[in-house]
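Peer 1: Numbers given in the working numbering equal positions in the sequence shown, counted from 1, plus 182.
Simulated from the structure, these hints should not be mistaken for laboratory data. One or more of the hints may lead you astray.
What the hints assert, rightly or not - BS3-like cross-link-like pairs, simulated, lysine-lysine; straight-line CA separation at most 30 Å: (1) K199 x K228; (2) K224 x K236; (3) K228 x K239; (4) K224 x K207; (5) K224 x K239; (6) K236 x K207; (7) K236 x K199.
As the structure is a computational prediction, the values presented were derived from the model and not from experiment.
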Amino acid sequence: MCECDMSTTITVSRETKRLLDLLRKGRTWDEFLRELALEYRKVRVKRVLDELRKTAKERDFSFPETRLKLRLE
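With the hints as constraints, model all of the structure from the sequences given.
Peer 2: Structure representation (structure tokens):
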């Protein structure tokens, strides 16, 4: 069986579940948590890229080279 077809349980406090339930707006938990995780990752990558852009002159290689080394396109 494919691992992606298996379901799991995540233990969270009732308060956290209520908050997440308000935010998910009718989506399945899988859809909501996947979207949340992807958005979180996108924000983190943007922060890193912004910081790299700001500090590019302090490094021995350019911002485009940095993006290449990080495999960000």
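Peer 1: All the hints need checking, so say for each whether the structure fits it.
Peer 2: Verification of the supplied hints:
1. Our distance criterion of 30 Å between C-alpha atoms is met by K199 and K228, whose separation comes to about 28 Å.
2. Between K224 and K236, the direct Cα distance comes to roughly 18 Å. Compliance with the 30 Å bound is thereby established for this hinted pair.
3. Proposed proximity of K228 and K239 is supported: the alpha carbons are some 19 Å apart, at most 30 Å.
4. Between K224 and K207, the direct Cα distance comes to roughly 21 Å. Compliance with the 30 Å bound is thereby established for this hinted pair.
5. Straight-line distance between C-alpha atoms of K224 and K239 comes to about 24 Å, which keeps the hinted pair within the 30 Å bound.
6. This hinted pair does not check out: K236 and K207 have alpha carbons roughly 37 Å apart, beyond 30 Å.
7. For a cut-off of 30 Å, the pair hint linking K236 to K199 is broken: about 38 Å separates their Cα positions.
Checked against the numbered hints above, the structure violates hints 6, 7; every other hint is satisfied.
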